Amino acid sequence: MNSTSTTPLPADFAASGNSTPRRKFGAAKIWDNYGMLMVFAALFVACSVFVPNFLTMINMRGLGLAVSLAGMVACGMLFCLASGDFDLSVASVVACAGVMAAVVINRTDSIALGIFAGLGVGLFFGFVNGFVIAKLQINALITTLASMQIARGVAYLISDGKAVGISQEDFFLLGNSAWLNIPVPVWITLICLCVFGFLLNRTLFGRNTLAIGGNEEAARLAGVNVVRTKIVIFTLTGLVAAFAGIVLASRMTSGQPMTSIGFELTVISACVLGGVSLKGGVGKISYVIAGVLILGTVENAMNLLNISPFTQYVVRGLILLAAVILDRYKQQAQLRQR
Amino acid sequence: MSVPYLEFKNIGKRFPGVVALQGISFACREGEVHALMGENGAGKSTLLKILSGNHAPSEGELALAGQSRQFAHTVDALKAGVAVIYQELHLVPDITVAENIYIGQLPHRFGVVDRPRLRADAGKQLAQLGLDIDPDTPLKQLSIGQWQMVEIAKALTRDAKVIAFDEPTSSLSAREIQQLFRVIRELKAQGRVILYVSHRMEEIFQLADQITVFKDGRYVCTFDDMQQVTHDQLVKAMVGRDVGDIYGYTPRPIGGPRLDVMALHAPGMKHAVSLSVRAGEIVGLFGLIGAGRSELMKAIFGGVKPYAGEVRVDGRPIAIRSPIHAIQAGIMLCPEDRKAEGIVPVHSVRDNINISARRNAVRAGCLINDTWEADNSQRKVRELNVKTPSDEQLIRNLSGGNQQKVILGRWLSEDMKVILLDEPTRGIDVGAKNEIYNVIYALANRGIAVLFVSSDLPEVLGLADRILVMREGAISGELSHDEATEETVLGLAMPREMVAA
Ligand SMILES: Nc1ncnc2c1ncn2[C@@H]1O[C@H](COP(=O)(O)OP(=O)(O)OP(=O)(O)O)[C@@H](O)[C@H]1O
Ligand SMILES: [Mg+2]
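Taken in order, these protein sequences are the chains called A and B.
Our numbering applies: residue 1 is where the first sequence begins, and numbers increase by one.
Our numbering applies: residue 1 is where the second sequence begins, and numbers increase by one.
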């Protein structure tokens, strides 16, 4: 019997139930998919009107570059959150991979080797995270908190605690050139978003990720390979964070061990703000795009308005708080519907 | 005759795409047990959720003692003396029994919990229910049946005049059920209004003074005089047609050995167990709750790692390290606890049906095939008669019985050799039970070995070609379809000291 054949059942079995197929209610579905993107559009228009210098070519480039880093890392985080976990080590991996790439490029004069070494950092930390969480069943908070510190420590160790300037100028092209007037990192981010969106939506791996987040035990008993899927998720997250770190090093022309501190929280807040559920099982790439854009725009506008960095911290915190409250509220609204 | 206390007046409830209830009017009297019956998805739970303030009705109203009432919240309902005890209990496992009973209204002095009083009060409540439980035990040490009692005690401290039970007995042992019934009769004698939802006929006939039947969200009728109602009448009112013998057992040709379980021993099992099921054979595994049946099923499926033993399919040993191996070898399991182990609540019916079989339908080894996914799930929804507005509905919005059908449907497109069914008809109505039995027969006719666990003795007697009885973690006996009677099966299932006593 092949997979698409049906079990023959008694004739009266197929007697019509009252299961008339019906599309999901249109407006609700549109809001679900594009609601936060519309919020972003409104925010963008508001900033264009009220914030001086917002809608200039230079600022748009700056904004694009700023969100490109978060966008890349958020792709991996989306998978972690969708599977019901999260990864706190991404920011440290960004730093560690950048420094590693810089050091190896300087030592070997080979850009390719440097990039591979940087990616290797992400692969290593991602795999270790996944293995410890999925196989040894240690909770993700503790595991990634530990690897976060280890990765940051390694970044300091191999750089001696200082920024490592990079000797090969060709390497800077990755982060500083443009194609069709759009910076390369933005292109890379777009590609990442497409690839990860495709993975989540259209592949077995993506569906299994969501099923694990929705009910891990049910997924396991339905034959989903939970351990393997989780290891792949964390490994991918590490890899894409490392790649983001390499691009960042190229943009800054150096590997900096103290970069992106606290960035993991920015990325998680962007995802949650966009609508990715902290409880797992629910997530879409469009949510991530919306969340990253909203957060990036707010930050950009605050810079243009010369709001002090201290105030910016407060605002960012408030946004994160608003996002989780929104998440909670949405869940309760769904529960009440039951 | 007593007066109506609780009245439902033209209650309706709509969800997006679903009319769950429509024009429901009936009344419940003081000092009577009013049973609600109806097929899966008929709207019984929805009505109770309206009663408890969990849902607002789309139309109509409730009246208590002639006064119309609106509950915006469960707390409002509790204050008005209405308590609903759901099947999924709303208790906190890590705190003590006493704290659970008085949660939200702990006795305190200047903000500090008054422990001695809490203990004493809770002790009194428990004693009233005839329960011998220390109020200071953490709740998680109790059995499900005792949880239920704690939930009732909690309702009593609120002095609930109306107490509604939604399928309370589905995970209770026979002893616990008798205890629950005793308590319900006592509550009735105190003049309370009891609403009771169950699919089990024999319970309804033991307990109810009146029966109201729903079908597809509408009121069908109320039977007032229990002396006059027959089993068949009731079934006909619910299902809308004569069902006759719901088991419809006929012997079928049985082949060679298909599933061999040899000295399997796993965590949660007291002893190693061996059994075998032949091709096309339906074997029922009966035992009192706690006999270790579910653990055995899970171990065969690789859901827990076994300590020792072997499982063979068609004579070939299989690695039972994880469910994936079992599924690849053709063994499928419908687990006992639907909510925790069966469904992915936040996903659609479609995703829940395809969760496993889609791996065989993907293109290029990993790409989802949307056409197949939609086709397969819609076909299963039709075949199994799942009540849902569409297969894109979230599964948690389906009634319990329909969720069960979805989980069964999950396996129907697999290359199945053995199916393990753990309480396959728990919470399922008579009509749908009959449908599920027909699926089971159809599977057996295809040569699939069926091993099922059920606490419903008539079901085991009616369905199985062969019955294995478990007692205290070991198989205590084996009976053929013709040999088995309630007495012989129960005799093998009772713990030895109870038999001696
Ligand atoms: N939150 C919801 N959203 C959409 N539909 C719902 C929701 N809750 C219930 N329904 C639908 O309302 C109908 C009645 O469901 P309900 O749970 O009340 O049935 P029931 O009589 O309790 O069935 P069962 O015997 O299987 O428990 C079903 O068709 C169900 O799918
Ligand atoms: Mg129900």
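Read the hints as simulated data drawn from the structure, not as lab findings.
Small disclaimer: the values here were computed from a predicted structure and weren't measured.
Worth double-checking, as some hints may not be accurate.
Said to hold, decoys possible - Computed list of chain A residues with no C-beta within reach of chain B, every gap over 12 Å:
id : residue
1  : N176
2  : F198
3  : R202
To be verified - Now the in silico label distances, taken between C-beta atoms and shown as ranges:
id : chain 1 : residue 1 : chain 2 : residue 2 : range
4  : A       : F198      : B       : S143      : 47 to 53 Å
5  : A       : L157      : B       : E472      : 57 to 63 Å
6  : A       : L157      : B       : R321      : 50 to 56 Å
7  : B       : I95       : A       : N106      : 56 to 62 Å
8  : B       : R312      : A       : F198      : 57 to 63 Å
9  : B       : N360      : A       : T253      : 46 to 52 Å
10 : A       : G153      : B       : P267      : 15 to 21 Å
11 : B       : R321      : A       : S48       : 44 to 50 Å
12 : B       : A374      : A       : F127      : 35 to 41 Å
13 : A       : T253      : B       : I95       : 54 to 60 Å
14 : B       : L490      : A       : F198      : 41 to 47 Å
15 : A       : T311      : B       : V113      : 40 to 46 Å
Unchecked claim - Now the stretches of chain B that chain A is said to cover, found in silico as 3 or more residues with beta-carbon under 8 Å:
id : segment
16 : 307-319
17 : 339-345
Beta carbons: idealized from backbone N, C-alpha and C, even for Gly.
Could you say whether the range 15 to 21 Å given as a hint is met by the Cβ separation of G153 (chain A) and P267 (chain B)?
Violated: the Cβ-Cβ distance is about 39 Å, outside 15 to 21 Å.
* **Distance restraint hint 35 to 41 Å, applied to the beta-carbon atoms of A374 (chain B) and F127 (chain A)** => holds (36 Å)
- 40 to 46 Å as the expected CB spacing between V113 (chain B) and T311 (chain A), which holds or is violated: holds (43 Å)
Checklist line | R321 (chain B) and L157 (chain A) - C-beta distance against the hinted 50 to 56 Å | finding: violated (40 Å)
Once the closest CB in chain B is found, is it more than 12 Å from F198 (chain A)?
Since the minimum Cβ distance to chain B is about 9 Å, F198 (chain A) lies within 12 Å and the statement is violated.
**Message:** At least three residues with a C-beta closer than 8 Å to a C-beta of chain A: is that true for the segment 339-345 of chain B?
**Reply:** holds (count 6)
Practice problem: Examine each Cβ of chain B, and state whether all of them lie more than 12 Å from the Cβ of R202 (chain A). | Solution: Nearest chain B Cβ is 5 Å from R202 (chain A), so the label is violated.
Using the C-beta atoms of N360 (chain B) and T253 (chain A), is the stated range 46 to 52 Å upheld? holds (51 Å)
Outcome, coverage hint (the segment 307-319 of chain B, chain A; C-beta under 8 Å; three residues):
With 0 residues closer than 8 Å to chain A, the segment 307-319 of chain B misses the three-residue bar; violated.
**Asked** Do the Cβ positions of L490 (chain B) and F198 (chain A) conform to the proposed distance bound of 41 to 47 Å?
**Response** Violated, since L490 (chain B) and F198 (chain A) (Cβ atoms, about 58 Å apart) do not stay within the stated range.
Confirm or reject the claim that R321 (chain B) and S48 (chain A) have a C-beta distance inside 44 to 50 Å.
Roughly 59 Å apart at Cβ, these two residues miss the hinted range, so it is violated.
* Asked: For the pair F198 (chain A) and S143 (chain B), does the Cβ-Cβ distance stay inside 47 to 53 Å?
  -> Roughly 49 Å apart at Cβ, these two residues keep to the hinted range, so it holds.
When the structure is compared with the earlier hints, violations turn up for hints 2, 3, 6, 8, 10, 11, 14 and 16 and for no others.
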